[in-house]
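Please work from the sequences and hints to get the whole structure.
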Amino acid sequence: MSTIKITVTRYNPETSSEPFTQSYTIPYKEDMVVLDALNYIKNHVDGTLTHRWSCRMGVCGSCGMMVNGDAKLTCATFLRDYYPGEVQVDPLAHFPVIRDLVIDMSDFMDKLLEIKPWIIRSEEKPLEEGEYLQSPDELNLYKQFSMCINCMICYSACPVYGHDQSFLGPAAIALAHRYNMDSRDEGQDQRAEIIGSHEGIWECTFVGECTRVCPEHVDPAAAIQRSKVQLTKEYFLSWMWPWGN
Amino acid sequence: MAVRVKTTDPIWWGLFSAGGTLAAFLLPVHVIVTGVGIAFGWVSPQVLAYQRITALLENPLLQIYLFLLISLPLFHWAHRFRFVLMDLGLRSLKTPVAVLCYGVAMVGTLLAALLLFF
Amino acid sequence: MNPQKSPPEDLLYRPHMSFWWWLQKRNYFLFMVRELSAVFVGLFALISLVGVYRLSQGEDTYQLYLNALQTPSAQVLFVVILLFSLYHTLTWIHLTPMIMVVRIGSKTVPPILVLIASYLAWIVISLILFYLLLVN
Chain P
1 MSTIKITVTR YNPETSSEPF TQSYTIPYKE DMVVLDALNY IKNHVDGTLT HRWSCRMGVC
61 GSCGMMVNGD AKLTCATFLR DYYPGEVQVD PLAHFPVIRD LVIDMSDFMD KLLEIKPWII
121 RSEEKPLEEG EYLQSPDELN LYKQFSMCIN CMICYSACPV YGHDQSFLGP AAIALAHRYN
181 MDSRDEGQDQ RAEIIGSHEG IWECTFVGEC TRVCPEHVDP AAAIQRSKVQ LTKEYFLSWM
241 WPWGN
Chain V
246 MAVRVKTTDP IWWGLFSAGG TLAAFLLPVH VIVTGVGIAF GWVSPQVLAY QRITALLENP
306 LLQIYLFLLI SLPLFHWAHR FRFVLMDLGL RSLKTPVAVL CYGVAMVGTL LAALLLFF
Chain R
364 MNPQKSPPED LLYRPHMSFW WWLQKRNYFL FMVRELSAVF VGLFALISLV GVYRLSQGED
424 TYQLYLNALQ TPSAQVLFVV ILLFSLYHTL TWIHLTPMIM VVRIGSKTVP PILVLIASYL
484 AWIVISLILF YLLLVN
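Protein chains in written order, with my numbering: chain P, 1 to 245; chain V, 246 to 363; chain R, 364 to 499.
Mixed in with the good hints there might be a few duds.
Only pairs whose alpha carbons sit at most 27 Å apart, straight line, appear in this in silico DSSO-like list of lysine-lysine [what the hints assert, rightly or not]: (1) R:Lys388 x P:Lys5; (2) P:Lys42 x P:Lys5; (3) V:Lys339 x R:Lys388; (4) P:Lys233 x V:Lys339.
Just so you have them, the derived chain P footprint on chain R, three or more residues with Cβ under 8 Å [as the list claims (entries may be wrong)]: (5) 371-377; (6) 380-387; (7) 410-424; (8) 476-484.
These are calculated hints, taken from the structure and not from any lab test.
Predicted model only: the values in this text are computed from it and were never measured.
Even for Gly, the Cβ is constructed at its ideal location relative to N, Cα and C.
Structure, rendered in structure tokens:
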């Protein structure tokens, strides 16, 4: 039977203040993904291994980890792409580690709420007037930005966030852009205060890695730069026509 | 129009992109003309001669053009260099780095304006 | 809104970024090259500024400046500046379609057309600029 060596970064604050690595050699099958390997270890080799997962089909966004240095959804990353080489699994980069492969996502959760990712109306229309209609063209303006599954892989690919956790970051801004571009939404002013602040879009240096690593093909880098263009235009226009339009 | 952005970031980012766009479209030609062109024999030394350049700079439009060609790329440099230093981990020097970078660009702009317009 | 609860700080392990992070991936390295191209763009602006200053001091001083531009070390520097300046142009043009969404009516122009148009604009502008600088 063929086997594969999986090396996992582990961390247990009760025994040591520093992470350490541990290697496991487990049976290998061609259809196994990295998450299968971690579950095999947990179930058959070492029950103390701690990792986060749920749907194992690329929808829930829980199982993001670093696989051989790249941020991946482990449920969608096949071992055969590395076999017969070894696989190294680390917790998502740039986040504080709680235990083994489990990171603390509370910073991201706070940021997600901050940008108000829901449709904001200055005045809700009465129910009997029906739903808010939208044309396919209007839908296409924001559709790709709505595919985000909050897996935080873009954050772990972002060196700006790695240096400074006060940066609002790719997914939160992409989601803000998604609602800003929605024809039914009227919350741009409220979101502009957050994304237009110094820790919002302006810290981004357009590395572009967030877009490349996104498993759902969202383009956060574009969302951020487009927001910069829009808010900069507005800023200079408000100088030229301070009395408003 | 309501001002929704309360930081000065749009100013710096605006100057950065203006300078980047200007540099992207115009700089390679200028580097060839003032730089390597003469040595490679593509450009006649007469192109940069004193009489020709002083005559051209009588034209106020060309004065403004040369001013922008100096000033905007300086701001482009200032902004990118500032953030390169941040990306290299100099977060603790955030403010001094910003002041120094934009300061250099502003001094350069001021000198260009004094030399070209006065 | 309630802030999310984190475990106590002393139980968390906070990773630190290496200074050399930009050598760990090709994309990061190319990003760093792109950002450092600005140093050479700025350097060229500075050289031009010195030229304007020398020009204001009269013909003889300006001639010294022109002579300095032709020394081998200056020429090597100009080749480096030219390479970085071209890299800046290519990266700037390639990022344009990502940032600029061109819309005609309610339809979005495909990004590839924006890219081609940007390239064409660069070539046409360069040719015109060459003509104006060399002929007039």
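Each hint, compared with the structure:
1. R:Lys388 x P:Lys5: Holds: Lys388 of chain R and Lys5 of chain P sit about 23 Å apart, inside 27 Å.
2. P:Lys42 x P:Lys5: 15 Å, holds
3. V:Lys339 x R:Lys388: Between Lys339 of chain V and Lys388 of chain R the Cα gap is close to 26 Å, so the pair holds against 27 Å.
4. P:Lys233 x V:Lys339: 25 Å, holds
5. 371-377: Held - the segment 371-377 of chain R has 5 residues with a Cβ nearer than 8 Å to chain P, which meets the minimum of three.
6. 380-387: Since three or more residues must qualify, the claim that chain P covers the segment 380-387 of chain R holds, with 4 doing so at under 8 Å.
7. 410-424: violated (count 0)
8. 476-484: Per the Cβ count (0), the hint is violated.
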